[in-house]
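Read off the chains here:
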Amino acid sequence: MKMKHLKVSLIFLIFLASQTVHSWKKDEFRNCNQTPFCKRARSRKPGACTLIAHDVSISDGDLTAKLIPRAPHDQDQIKPLTLSLSAYQDGIMRLKIDEDPSLDPSKKRFQVPDVVIPEFETKKLWLQSASTEKINGDDGSLSSVVYLSDGYEAVLRHDPFEVYVRDKAGKRRVISLNSHGLFDFEQLRVKKGDEDWEERFRGHTDTRPYGPQSISFDVSFYGSDFVYGIPEHATSFALKPTRGPGVEESEPYRLFNLDVFEYVHDSPFGIYGSIPFMVSHGKSGKSSGFFWLNAAEMQIDVLANGWDAEDGILMPTKQGRIDTFWMSEAGIVDTFFFVGLGPKDVVKQYMSVTGLPAMPQLFATAYHQCRWNYRDEEDVENVDSKFDEHDIPYDVLWLDIDHTDGRRYFTWDKLLFPHPDEMQRKLAAKGRHMVTIVDPHIKRDNSFHLHKDATRRGYYVKDATGKDYDGWCWPGSSSYPDMLNPEIRSWWGEKFSYENYIGSTPSLYIWNDMNEPSVFNGPEVTMPRDALHLGGVEHRELHNAYGYYFHMATADGLVKRGDGEDRPFVLSRAFFAGSQRHGAVWTGDNSADWDHLRVSVPMILTLGLTGMSFSGADVGGYFGNPEPELLVRWYQLGAYYPFFRGHAHQDTRRREPWLFGERNRELMRDAIRVRYTLLPYFYTLFREANVSGVPVLRPLWMEFPFDEAAFSNDEAFMLGNSLLVQGVYSERAKHAFVYLPAKESWYDLRTGTAYTGGEIHKLEVSEESIPAFQRAGTIVPRKDRFRRSSTQMVLDPYTLVIALNNSQAAEGELYIDDGKSFDFMHGAYIHRRFVFSNGQLTSLNMASSSLGRSRFSSDCIVERIILLGYTPGPKSALVEPGNRKAEIELGPLRLGGRGGAAVTIRKPGVRVAEDWTIKIL
Amino acid sequence: MKLTLSFTFLSLAIFSFIIPSHVSSSSLPSVSFVGIPPQDEDYFKDEVIKCKNGSKKFTKTQLNDDFCDCPDGTDEPGTSACPQGKFYCRNAGHSSSLLFSSRVNDGICDCCDGSDEYDGKVKCPNTCWEAGKAAREKLKKKIEMYHEGVALRKQEIEQAKQAIARDKAELLGLKNEKEVLEKVVKQLEEQIQKLKQRELLEKEDKIKEASNEKIENEKSGPEENVDGQIEPLKISDVEKMGLSGESPSDQSEKDENESTEGLSREELGRLIASRWTGKKTGDQVEEIDPAKSDHMGNRDKEESAYESSYDEHIDNNALQFNEKTQKHQEKGRKDARDAEDEESVAEDREKSSDIATLSHQSWLVKIQETAQNFLQSVNLFSAPVANLDANQVRKEYDNYTAKLSDIELRISSLTEKFKYDFGREKEFYLFYDRCFESKQDKYVYKVCPFKDAIQEEGSSETRLGNWEKFGNSYRMMMFSNGDGCWNGPDRSLKVTFICG
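Chains as they are written, first to last, in our numbering: chain A, 1 to 921; chain B, 1 to 500.
Errors might be hidden in some of the hints.
As the list claims (entries may be wrong) - Chain A stretches covered by chain B per the calculated footprint, using a threshold of three residues with CB under 8 angstroms from any CB of chain B:
# : stretch
1 : 466-474
2 : 518-532
3 : 641-654
4 : 719-726
As the list claims (entries may be wrong) - Interface residues of chain A toward chain B, partial, derived using beta-carbon atoms under 8 angstroms:
# : residue
5 : G203
6 : T207
7 : G211
8 : N625
9 : L893
Just so you know, the hints here were simulated from the structure itself, not pulled from any lab data. In this text, a Cβ means the ideal position worked out from N, Cα and C, and glycines have one as well.
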């Protein structure tokens, strides 16, 4: 007994040691060289593609062609591919290349269903005709040109085959494909003799019954200085080149959804989610975008300038550009070219394909408290009451895997959680919500009804031999429902009904974790690629979208549970293009160190740019114990994440905000309160994302597209168009260097001090806050009252903070709805525009009156108007209608005694729902 | 023996108990006086009022006008307008209370008299009388319990005094014994030396008579015997080394962790899972309880909320530590005996100690006498020592050294014991050699004051720490340097005493 005991402690020691040195098990994941399709593709030389476009014509409103080898003798080996090029409204070109179905290929290649929204098809432009041109520099080769939008044309060059978008007026290229002749399409074929198609990795064998079927091609972005996007990687926002001059040996950016234990903070390796969407931006202030709808493993190289110097391929233009190289293991070419012009346009265009972000409930935009694990009902009650005891607001308490009966989701541990509904009702009585975890792995336990049901119905993903795939995850031996199948998704959704999910109440929402899917004993900790889904689709073909379908099924289930009247909240770890429609994501299992705090910003920026506007990182860092200073800094930054949740691994010390002394508690409470005061602004931004796709948290260059100094800045970010925030990323920092863009003033959120734009400021930083500024010319709505949760704030009055620009003017918006239902989709909302000019503030209605059958009203008033950049002097303001006077005085910028003072209109008392003016006398 | 842990006798908080029937004699406050404690009302009588922190002034019309003027919230005691504000609930029939301003008109009834929700959006029933009644009952019970606790504490102190006196007397006695025995042993030692010399001489004589080989054989016998007499010491040295030698790491464990190839599918699954759980294998994951990993160290009271939350947790669960009558083995000491023997020895000693204190004087005399007699009888032989006599001397020597080492052991254990801090009135003296157990779902926590604390789960146990000291004015026991947490620091444990 003694001996055994000693051994146990030794194992702990070893874990500690290995963790500090090399926690990330790099060897357990395939690199490009160990991935045959990637290795093959990367070794291809520019110009290797011999395909030419043949039979070019207009058919069914598309420009179509066949791709055949230039040399006739190759035509025996290579079957023609079909190409179709379509135009959609708002400057979107879609290019599809697939094997010719009429030639009866051995298998239909997989096209990712249910990602492109149905509305997109209604935006298709029926091409009537193509003009044929001989373009300068192309000796003898013809090009077919079709209309794309008023300013743009799509061009298909025939020989060598190349597709690009150009602007009509200047004939300048925007995006092109196969300009370097790297296009390659491995067609399905019959196995030759004793050919070995199997691939082995660390004891796992991939049978690859269909053999090689990869696709690769080059894409060039013109007039571009940087490219961004293609999450998820823990790396810089502007994507560093992975090949070419000046680049040391580097992996391509990998898109393969993986559960990576202790991922490192700067690496191109793939982690939990994949969105094959890239955005470029350059000095011209223009952006463009490229999206490849393909859910197989993808690898993407960003090529350093001059990578092709020795290839002898003359690019037809001297425009600055960035070349990229895209490789995928399977699927088809289904690509979308977005012409921009501005960064926000590109994002909108992408969203018109994959859908707009869901509008979250108000509570979901507030602070979430999570930990693996709040162990029982008493623990929950205790944590909940501590928040009240310390007057710290929070909205959601989360339960991780151990609340269940042996990791059987939809169940409760009867000893630890004997009264789940009562527990939720207690929270709900304080306006709070609960989230429980539901993962895709189902415990293979014959007494578990879910497993029985799924087995009986044949709803599990099958292994290569056709049996239910049996993997290992939290509950031990587990199987995974085939979420590709809409019928199974609908079955899954039913499990969330109150009748089926015993112990759930209307205040309970869901967290989908491990949906990459994570399989502890699978190759690279995921499902084997030869596992089989609906219709014989191989897992390799849809891997990156598995989590997406799972997320979708869960969110749809919650909608169904609420009879279509309650907006779902589902947080997912895995994601794919389109996940924004289903809910929030977070950056997974990060670590409690300063580097991870730092990298959270580029990661969230990237997610926002690619549609996932509702995202965040675990505040405090999931693994390890943050020093109080790091934790405080994390709360200060996390308060501005679109998704704001504190979370921690089970082996870390408890770290709720009151556990680190009075001072640190105050600092964390302050940070959380900053979030709560800004909730009206956040909610307005979520609505903006919901309508336009423009993310809540955005890069500086999205607001200042011509400001070159902002292009690669990923330390700071914009929150909407009005606030700029920069984290403090190092210990005991005394100063921060903050770049404030453009030629505008910026007002420190805490002190009200004005700073000039267009330069880097060396600012003193205190422990009290991180640098945050309001841009001159904007109006930010706040609620300066603190409550237990956002629920009690609904009736509280507003504060408007007006930051005046040089011409003493400013504008801002406020969106309000019931915070919960879908009525806003039928017009039940308030949308105001506030305009300040000539010493007068006006509130204007922005809601379209024609839209809806529903109405939403609010009795909320404005209690305070703060003017930044206004010279004190006037003593009162005239409020119309009503012809009332409101006093003007010097008031605090923030309540509670700390911070600066500003000109304040005291108790104007106007209702937010109405039109009014306030004139300073 | 199942004892409810009655940590009752801890410094009792003196609590003043005011029956909250006090209702302000002044008439009901005007609307603008909402949320102001009666004793404060005078402060707000003037037309111009100062913010309490002196930062500003405000007029009477600004009092409770739902707009925050004072940074400290002075002007808005009755609304939610100031974040620093405090709302006073009168709660007639129960005790009055101060609320954060964030609770005012938030739709949730906080004051039992419902006065915090006056905007008409919710109706709060007045529950003060019932609540007050219940609270008074509870308080009464608490007082009773504390009384009981005080009595218990007195008892324990009394018993501790006796035990200390007993132990001191024993120690004194043992020291005398030791002196005497040392003398005896020394004499025996001399005797043995003499015997040895004599034997040597005899052998030399024999050498002359017999062949070389024979002598060699004969000689080796007695010498081995001589060696054998000092052997016990050596053995214990060796065993000590052996025990400490257990700690070097078992290399094979490490290798297992590094390689994932060649594992069965289940082994692989378990291994990968273990990265997150920190557990080697097994499908159930161990929840590391907060108490184990507390390292708040010497931070202020507020910070210790961390562990207190755990304590309350235990408390709420109505968990009680059951005392194990079994004597806790002293792992640190690593003496050669195995645990069971030690226990029985210790128990025997304790049982006999009463008698010993009374009679050991005579017992000592007896020893002295018998030893002397024996020695003298040996000395009488002038002729060559017969083998029988030599053996008898050695046996006696063994006997007395064993006794001596027993006594030394007991002395050192008592001396060790006296080094500990047993509290202001040595009220924890009887905790020495006692252990307490508490079961919390799958874990059994075993806490042995002045020794160590262990968490058991089935057959596996995790050390939560060694005894460190009392903390928080003897209201807490602290154990530190336990097994390392996966991905974290060493475990430690704080056990708070609560009267109950």
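Verification of the supplied hints:
Proximity of the stretch 466-474 of chain A to chain B, defined as three or more residues with a beta carbon under 8 angstroms from a beta carbon of that chain, is established by the 4 residues found. Residues of the stretch 518-532 of chain A with a Cβ under 8 angstroms from some Cβ of chain B number 4, which satisfies the need for three, so the listed coverage holds. With 6 residues bearing a CB less than 8 angstroms from a CB of chain B, the stretch 641-654 of chain A meets the requirement of three and the coverage assertion stands. Residues of the stretch 719-726 of chain A with a Cβ under 8 angstroms from some Cβ of chain B number 0, which does not satisfy the need for three, so the listed coverage is violated.
Among the interface hints, the one on A:G203 holds; its C-beta lies about 5 angstroms from the nearest C-beta in chain B, closer than the 8 angstroms criterion. The interface hint given for A:T207 is violated, since its Cβ lies 16 angstroms from the closest Cβ of chain B, which is over the 8 angstroms cut-off. Using the Cβ-Cβ criterion of 8 angstroms, the hint placing A:G211 at the interface with chain B is not satisfied: the shortest such distance is roughly 26 angstroms. For A:N625, the shortest C-beta to C-beta distance to chain B is roughly 6 angstroms, which falls under 8 angstroms, so the interface hint holds.
At about 12 angstroms, the closest approach between the beta carbon of A:L893 and any beta carbon in chain B exceeds 8 angstroms, and the interface hint on this residue is violated.
Checked against the numbered hints above, the structure violates hints 4, 6, 7 and 9; every other hint is satisfied.
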